[in-house]
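Input sequences plus hints: build the corresponding full structure.
Number of protein chains: 2
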Amino acid sequence: MDLVWISLISGIIGAIAAGYFARYILRQPEGTERIKELSGAIREGAMAFIRREYRTEIIVVIIVAVILGILGLATPDLGWKASVSFIFGAICSLGAGLIGMNVSTRSNGRTTAAVQKSLNQGLRVAFRSGAVMGLTVVSIGLVGLSIIYFAFHNDPNFLVTIPAYATGASLVALFARLGGGIFTKGADAGSDLVGKVEAGIPEDDPRNAGVIADFVGDNVGDVCGVGADLFESYVEANIAAITLSGLAVGIGIVTNAQTAWYLPLLISAGGIIASVIGSFMVRVGEKAEIAALSRALRNATWVSAILSAVFSFIIISLLGVNLGIFWALLAGLIVGVIIGEATNYYTSADFKPTREIAEAATIGGGATMVRGFAVGMLSNWPAVIATAVAIIIAFKFGGFYGVAIAAAGMLSTLGVTLACDSYGPVADNAGGIATMAGLPAEIRKKTDALDSVGNTTKATAKGFAIASAVMNALGLILSYGLAVGLVKVTQGQIMAAPELSLLSAPVIVGVILGALMPAVFVALAMKSVGVTAGLIVEEVRRQWREITGLREGTAKAQYSKCVDICTKAALKEMLAPSIMTIIAPVVVGVILGKYALGGFLVGSLAVGFVLANTLNNAGGAWDNAKKYIEDGNLGGKGSNAHKAAVVGDTTGDPMKDAAGPSLNIMLKLMAVVSLLLAPVLTNFPGLLG
Amino acid sequence: MDLVWISLISGIIGAIAAGYFARYILRQPEGTERIKELSGAIREGAMAFIRREYRTEIIVVIIVAVILGILGLATPDLGWKASVSFIFGAICSLGAGLIGMNVSTRSNGRTTAAVQKSLNQGLRVAFRSGAVMGLTVVSIGLVGLSIIYFAFHNDPNFLVTIPAYATGASLVALFARLGGGIFTKGADAGSDLVGKVEAGIPEDDPRNAGVIADFVGDNVGDVCGVGADLFESYVEANIAAITLSGLAVGIGIVTNAQTAWYLPLLISAGGIIASVIGSFMVRVGEKAEIAALSRALRNATWVSAILSAVFSFIIISLLGVNLGIFWALLAGLIVGVIIGEATNYYTSADFKPTREIAEAATIGGGATMVRGFAVGMLSNWPAVIATAVAIIIAFKFGGFYGVAIAAAGMLSTLGVTLACDSYGPVADNAGGIATMAGLPAEIRKKTDALDSVGNTTKATAKGFAIASAVMNALGLILSYGLAVGLVKVTQGQIMAAPELSLLSAPVIVGVILGALMPAVFVALAMKSVGVTAGLIVEEVRRQWREITGLREGTAKAQYSKCVDICTKAALKEMLAPSIMTIIAPVVVGVILGKYALGGFLVGSLAVGFVLANTLNNAGGAWDNAKKYIEDGNLGGKGSNAHKAAVVGDTTGDPMKDAAGPSLNIMLKLMAVVSLLLAPVLTNFPGLLG
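Order-wise, the sequence lines are chains H and W.
Under our numbering, the letters of the first sequence match residues 142 to 830, in that order.
Under our numbering, the letters of the second sequence match residues 142 to 830, in that order.
Just so you know, the hints here were simulated from the structure itself, not pulled from any lab data.
Just so you know, not all the hints are guaranteed correct.
Remember, identical chains collapse to one label, so a pair may be satisfied in a single copy or spanning two.
Listed next, the in silico DSBU-like pairs over lysine-lysine satisfying Cα-Cα at most 35 Å (straight line) [stated by the list, open to error]:
#, residue 1, residue 2
1, K702, K713
2, K537, K784
3, K713, K768
4, K697, K586
5, K713, K629
6, K778, K258
7, K493, K702
8, K493, K713
9, K537, K713
10, K709, K493
11, K702, K629
12, K177, K493
13, K586, K177
Note that this is a predicted model, so its numbers are computed, not measured.
This is how it looks when you write it as structure tokens:
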């Protein structure tokens with residue numbers, strides 16, 4: 142029997158579990174009319190955005206598919222297969238995002254309603270909503286991979302066709318993360334800022350026309366965007382390992398390519414089962430408080446990780462793969478955990494770095510900024526050193542193939558990791574709905590408590606997303622190197638082309654140009670958020686001025702107008718950085734040649750890694766420093782320290798939720814585009830080469 | 142005749158010209174008693190700092206010299222020669238800094254006095270002070286190099302001994318830039334901030350005890366620090382070319398190593414003559430206004446550059462060097478100019494980027510920060526692309542040697558470039574003295590005008606410093622690669638060791654770890670400025686509280702206390718990042734081996750380049766956006782926009798004047814330490830290698 146049937150079946154089991162959780166949620170009461178109305182408005186806005194975003198994406202997907210088809214005409218049969226694989230990858234990612242968001246926007250109001258019964262009831266609805274997203278992403282990912290495998294694995298061009306599946310997923314992910322990020326932070330900053338420009342319009346108030354757009358943003362950015370990001374990482378880890386199979390055979394890790402293909406897919410299959418078990422473990426007594434759920438989430442993650450490691454060990458043994466590869470896998474798993482913990486240390490107000498930012502806020506805005514940046518920059522060290530150690534271990538035990546397996550190991554328990562992450566925005570929305578619906582303060586207190594657990598899991602997941610993106614991008618870069626002939630395996634040794642020497646003009650120039658990419662990408666993304674926020678400020682002020690009765694609360698704000706403005710702005714603004722990301726590797730490869738492109742990818746990886754950590758962690762620390770002050774420390778809300786901390790938070794928001802996370806996808810997308818370009822570049826020296 | 146006599150003589154000619162300018166300055170009247178008193182206080186503070194800084198530096202220099210001597214014992218004769226060369230390099234740099242600062246602190250008050258006569262008179266004193274610094278740096282640099290050449294060039298270990306000279310200069314430069322940067326920005330931020338914390342203490346007021354420390358900082362940071370930075374670049378460009386001489390012979394650029402040694406030294410000699418001619422050209426009519434001087438400075442720079450190019454062409458022809466190398470040189474010269482202009486575009490309020498930051502300030506602090514960062518990040522593109530093009534050209538026409546010659550070309554006119562730069566802090570000081578001495582508003586207006594020309598030249602020089610540091614660090618990295626045997630020349634072709642493949646674990650891990658260095662370095666430097674500023678705030682408030690009569694202006698502030706605090710804090714805080722910079726390449730080389738170290742240097746170069754540009758240009762743009770608003774735009778001084786802009790400026794200050802410029806030196810120092818380590822690493826595989 143072809144062992145990939147096991148992967149397919151595991152994927153289906155994951156989907157059944159997701160369906161079970163979804164059914165549970167839909168059976169819960171929807172709450173009062175007001176809650177239903179608000180939840181409905183959010184849902185409507187989110188779906189309106191998704192419809193338009195998907196329309197834009199589908200157009201771009203079709204254009205790229207046609208280009209792929211034409212480029213592939215040179216090789217008989219290749220073109221249409223790559224196109225099909227690419228379109229299928231895009232559809233899978235779009236589908237996973239749609240299902241996840243559909244459930245999250247049906248869960249927010251139900252969570253608010255459930256909290257009115259008991260905190261525990263609210264927790265369960267919110268977490269199960271996250272679990273639907275988590276399990277849907279891994280199930281669709283693995284089922285899709287299995288289908289592509291069955292369709293094409295007997296084709297001689299299999300190793301060229303399958304990366305196209307990842308490229309489809311990557312393109313969708315970039316749009317989802319970047320478009321969603323610009324939407325959510327534009328709406329957030331806009332509806333916050335308006336209160337400062339036009340006195341008397343409070344945040345989270347039904348009279349603020351931007352407020353529904355803000356809640357919509359949580360769904361399209363933090364649920365749909367994050368899901369697409371990690372969907373991409375998930376499938377790419379598998380694909381990188383598959384494309385490196387020849388090398389794994391060459392250096393004697395496995396006896397044949399078929400086994401090297403099985404390994405990642407079976408590790409992922411084991412991970413899904415582990416994630417399902419972990420998700421069902423999240424149960425607490427009826428009277429449990431927040432600390433108990435926090436522990437329950439943590440336990441679920443740990444149990445899944447340990448189970449996944451055990452399953453993987455068994456799979457490696459049964460397949461007769463060199464046992465060393467288990468260490469590579471374990472290195473990946475452990476690094477994911479370390480980076481998550483480090484992120485938490487540098488961004489939580491429970492620890493010194495964020496406390497110091499809060500103290501700097503008592504001096505002023507400038508001091509807050511300087512200290513926050515220092516924290517963000519410094520926070521790189523655990524992530525970078527842990528990743529470096531993992532790479533050394535993975536290489537030692539499995540060469541290039543080991544790096545891809547380390548990434549697969551890290552991502553094997555994605556089902557449960559993503560569940561913990563996607564729980565956050567649902568809890569956040571539930572709190573917003575409680576305020577808007579004018580529910581009593583004690584309910585709002587409970588939703589705040591739910592939200593605070595969500596913030597920790599969100600921070601951890603962000604670190605995890607960066608680490609997995611880096612490991613994956615590296616796996617793909619190595620796949621590119623192998624595909625384009627920069628390295629060859631001769632007599633069990635990996636031999637590099639001397640032209641790939643680090644100290645040659647094309648490689649050095651490539652590295653330097655690669656370093657430029659993340660900087661320009663971040664600049665464009667940050668500017669986009671500013672532009673979108675400016676439009677929202679204008680619109681909210683216009684409604685405040687023109688709608689009679691809005692000020693007094695007797696007339697309603699036109700929420701959909703703001704959603705509409707954010708949608709248009711986000712879709713427009715995401716185009717320039719997206720196109721740049723797709724075009725840049727093509728331009729570098731064609732003009733400077735394949736060696737320069739190798740340097741380009743490594744250069745952007747190094748800078749992107751450091752920048753993504755810096756932006757995420759500085760942003761997270763500023764956010765929590767502000768909350769720390771709002772909790773009554775150092776003068777509390779309204780003090781000068783609070784004002785300074787707000788500046789930090791406003792600066793950090795587009796960094797941590799739009800620019801930073803999109804960098805993850807930029808790195809992966811550039812690598813996978815290069816891999817796809819490999820057949821063209823192999824025998825082409827470059828215009829200046 | 143040994144042609145290096147020409148270099149020695151040119152260096153002496155430069156020194157004579159510097160002496161002529163110094164004599165001119167010292168003959169100018171010192172001004173009123175009050176001016177003399179203030180200038181004296183600045184001078185005293187600066188000298189007190191320099192004494193202590195030099196004491197610390199000398200201790201570190203001796204320790205490193207002893208280590209070098211011991212490491213060199215393995216090779217007969219090598220140890221003591223490397224130590225001597227190292228100490229000599231350190232002494233030359235210390236001497237150049239001391240002379241420059243001595244003159245600048247004697248010129249500030251004289252400039253104030255001269256301005257009382259005429260604007261033109263003030264301009265002349267300030268520029269000639271800068272010219273003393275510029276010409277002293279290049280003269281001592283070239284004379285020192287010539288002496289080292291005569292002493293050791295017949296020694297078989299010459300190519301190992303001479304980099305030690307650069308290492309000495311580099312170590313001193315790091316202390317000068319970093320210590321000076323922490324001093325100046327700590328004092329500046331501290332004396333600004335105090336007014337916000339304790340109402341009623343204005344900036345630039347004699348009752349603010351931190352104000353003299355602020356002026357002292359301009360001298361120790363912007364004169365001494367910048368001078369040491371560029372002194373290092375200057376000698377390193379020459380040394381990189383010399384150490385790459387074997388390669389130049391191998392690929393047929395020159396017929397023998399001797400010629401390859403002559404070339405950079407003679408290009409530098411021609412550059413000094415060109416700079417002297419350029420400096421004497423800075424003359425304007427008695428009634429000239431600011432625009433005329435701005436033009437005069439620009440003309441001087443251009444004439445020097447063109448003369449230097451012509452001299453270089455003649456030298457290349459006469460030496461019988463492959464004429465292609467001239468294009469490498471020209472590429473370096475032109476890139477220096479392009480980057481200077483780009484820096485000016487992105488940081489001057491005459492252009493769109495800075496104006497947009499000012500407009501964002503009308504929305505609030507957060508918007509100012511986001512827009513400023515976007516500008517800083519985006520500003521990388523012209524610098525990075527110009528450098529990439531220059532590297533391609535330099536490689537094409539001269540291989541590794543071409544890169545070093547491009548750097549030498551870029552730096553050949555340093556005498557006049559640095560003169561224009563060092564003019565800035567003198568003008569700045571002169572303005573401060575005018576205010577403190579209570580001179581009439583029209584005088585302050587004239588000094589402000591002087592200052593504004595200085596700001597432009599300072600911005601241009603900063604871009605130039607980064608570009609030259611990157612080219613130089615690259616030259617040194619290539620020297621390291623050659624010295625350690627990563628590349629070999631066989632039959633006219635440069636052949637790389639396959640282990641140096643970009644896609645190998647040590648190289649990739651090296652690149653990623655290298656990327657970490659600038660981030661951590663910046664974090665430490667920024668935090669240091671914050672710590673120092675905090676101490677100043679405390680001290681100024683203490684004096685305000687405890688000295689009776691200070692508030693009313695009848696008692697004097699104890700300026701020297703603040704100078705003392707800054708001195709101690711700067712010297713203490715600079716140690717951690719400095720030691721990290723020296724130790725890191727040693728640790729990476731010893732643990733991970735020579736290939737990883739190659740990757741490490743390239744990774745830190747790429748990230749450092751992008752970060753240095755970002756920090757410098759974001760900082761410069763924020764500064765000028767604030768000044769633009771203070772000039773009466775968008776609400777003017779005291780408006781909400783101004784408050785937001787002040788936050789940007791306070792954040793940008795430590796970035797652009799402490800952390801950013803110190804990165805230049807970090808990159809060069811790590812490269813030259815690695816080069817010095819080459820003999821040890823050549824046959825050592827690394828503990829994990």
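Hints versus structure:
In this assembly of identical chains, the alpha carbons of K702 and K713 lie at most 35 Å apart only when taken from the same copy (17 Å versus 57 Å across copies). In this assembly of identical chains, the alpha carbons of K537 and K784 never lie at most 35 Å apart, being 51 Å within a copy and 55 Å across copies at closest. Taking identical chains as interchangeable, the C-alpha atoms of K713 and K768 lie at most 35 Å apart whether they share a chain (33 Å) or sit on different chains (33 Å). Taking CA atoms no more than 35 Å apart as the test, K697 paired with K586 passes inside one copy only; the shortest distance there is 26 Å, against 56 Å between copies.
Taking the closest pair of Cα atoms, K713 and K629 never come within 35 Å of each other, the shortest separation being 43 Å inside a single copy and 51 Å across copies. Within a single copy, K778 and K258 get their C-alpha atoms as close as 30 Å, which meets the 35 Å cut-off; across copies the closest is 55 Å, which misses it. Proximity of K493 to K702 under the C-alpha cut-off of 35 Å is restricted to the inter-copy arrangement: shortest distance 31 Å between copies versus 43 Å within a copy. In this assembly of identical chains, K493 and K713 lie within 35 Å of each other by CA distance solely across copies; the values are 22 Å between and 40 Å within a copy.
In this assembly of identical chains, K537 and K713 lie within 35 Å of each other by CA distance neither inside one copy nor across copies; the values are 45 Å within and 41 Å between. In this homomeric assembly, K709 and K493 come within 35 Å of each other (Cα to Cα) only across copies, at 25 Å, whereas the closest approach inside a single copy is 41 Å. For a Cα distance limit of 35 Å, the shortest separation of K702 from K629 qualifies neither inside one copy, at 57 Å, nor across copies, at 66 Å. Taking CA atoms no more than 35 Å apart as the test, K177 paired with K493 passes in neither setting, with 42 Å inside one copy and 47 Å between copies.
In the homo-oligomer, the alpha carbons of K586 and K177 lie at most 35 Å apart inside one protomer (20 Å), although the nearest pairing across protomers, at 66 Å, exceeds that limit.
Of the numbered hints stated above, those contradicted by the structure are hints 2, 5, 9, 11, 12, listed in ascending order.
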